[in-house]
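Going down the list, the sequences are from chains A and B. If you read the first sequence in the UniProt record's numbering, its first letter stands for residue 1, the second for the next number, and so on. If you read the second sequence in the UniProt record's numbering, its first letter stands for residue 1, the second for the next number, and so on.
None of the hints are false.
The list that follows gives simulated cross-link-like pairs (lysine to aspartate or glutamate, DMTMM-like), each with its CA atoms no further than 20 angstroms apart:
#, chain 1, residue 1, chain 2, residue 2
1, B, K91, A, E227
2, A, K253, A, D155
3, A, K191, B, D132
4, B, K206, B, E254
5, A, K253, B, E282
Just some of the chain B residues that point at chain A, by a computed CB distance under 8 angstroms:
#, residue
6, T137
7, E141
8, Q269
9, S270
10, R283
These aren't lab readings, by the way, just hints derived from the structure by calculation. Note that the Cβ used here is the ideal one computed from N, Cα and C, for glycine as well.
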Amino acid sequence: MTSITTTSKPPQPPPSGSSIPAGDGLIHVRVLPPSKLTLHQLNYKYPLKLISPAPSQWAKSLTVFVLSYGGGLVSGDEVNLRVVVERKGRLCLQTQGSTKIFKQKDPSSPPTIQRMTVRIHPGSSFLLLPDPVQPFAESNYIQHQIFELEDTTDDTSSIVVLDWVTEGRTARDEHWSLKRFESRNEFFGVKSNDDGDGSENVRGRLLLRDAMILDGEMLCGGETLRERQDSQTIFATAVIRGKPFTKLIEYIKTRYANEPRIGQKRWDTDDDSRKHNRIEVEARNNGVLWAASSVRGFLLVKVSGVEMEGVKRFVRGLLSEVDEEGVPKEDGCIAAEFGTGMFRCLE
Amino acid sequence: MEQNTTPESSEGSLEALKSQIASLQSQLTAAKAQLQIQIPPSSIRNLAPSPPLHLWLLLADSALPIGSFAFSSGLESYISHRSLRPAVSPKPTPRTELTRFLRLSLLSISTTTIPFITAAFKSPASVLTLDDTFDATTTCEVARRASISQGRALCSVWDKSFASSLLKVGLDDDDGDDKIPIHYRPDHFGPSWGYITRLSGLPDTKEAVEQVVFVFLFNHVKALLSAAVRLSLIGPYVAQQILASEEVGRLVREAVERGAGIGVEEAGQSVPTVDLWQGRHERLYTRIFNS
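Kindly produce the complete structure, drawing on both the sequences and the hints.
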């Protein structure tokens, strides 16, 4: 899908998805012996659309594209996606272009809602690398993503999740002119159940919750949301956990530890001729700010920036473990686990 | 008095004065005696602050040993990032930078921490679950450390200093249903604040919850202003001026109100840049504060 259309959505329902409610979808990844990755189930109903390109023979993972008709969601649209990745499964979810959130029709109309629940069995990995969400002026959006990790003892239920949002349609002079934006990523530790079909069982302990709420209608001491965002046009959060990503986590921690100190003077040179290293120059030029936190078994990375390309390049660099020259590591964790071509949304 | 120096001729008036003094003295003695009798025990107690005021004076004391002076809640980092933030004109003064940060910080706390203070106050029996949820929700490493440090310190002060006189629940109302457990020790500042104020016997009313949150936020403002003085952004007089200003009063009240409408499950970061500044505090070349 080229996602150039921004005003209307084709009315036809999708061919698949017989009796499931509108906006519902299911992706179920199963590994058949000896080690064949299959899509056990793939259902969806308008306005949700799922596309799975046939994997090549040597593919390490399955990729599913999560799309919406017309490349965006209008007010009242409600997407409920359920994902199950069974033992030894490898699934990557991507999008094709940013998820555009159109304006709320009128104050009484319901918000746009996207929910996703992902069950990650022991020994399986899940990668969520979508394009950013782009809330248009006066949009009202709620996103709730739940990740259920079955093995948190040996950390073999592994995830890399990226969630990011931009300020809107800059060409139309939209800068955080949304009405409300809410994004919640919750990670639960759950007990595995043997039936393996992802049926509901008691949700376990909340391990991590990353929630961001932007209220465009509220003034804070006269400051609008746009002013409160401090000229940052994009906010990204990445959450990483699991054995296969140990090296990636170490890499990011090291980069953060080596991040140039703020306010540092180089005493070996004159103050006026202060030299900056490559990362600092790049961060300054692109206005990229970032911080990494190790929290309750997760690595959480927050990135913000003033322009899209800079942030994309930066996040891609982090996730592909680039060296000092900016060359991605050939056997980086994500490439090793899922195969190549995973960074399409960050290109 | 100076009667001794009075000349001989005024012998009569001297006698009169002497008797006057004697009568006045007896009046004074009587009045003094009356004074001691007339103050009933109840009004002596009234000279001491009423229980909530007493509690608030203790908890709002800047000498409360919970180490709040060691934290700037991101202010130090915010100021240090001045050069990395996009330039605005006119160039903000240190004072306007401070008041802006104050507003953003209060907004951020009102949507992240206040729901948990309120919940811990209202349902003290589930404070440990709330504490765990808050721990899972506070994703900024620097903010976590600051919160845990002050929360644990508050519980220590409670145990070592306050509990013996302030503990007002679980003593005489031991009748089952609404029994409040008194032995929990939550880690984080917000949950322990709500829990401990509840243990102090405040009733579960809207007014009481508002007071609990108000004092928490006012303490936060005091800590920020104190940090600002030590960062040389403002002087101590201006700090008190800001603290006394109507604007700060309004901001705190607005934050109280905003937080009251948010449930624990709806809590979240409303100023994403605050997490970044605070998270990057570790990357400062020099720092005075722990957050």
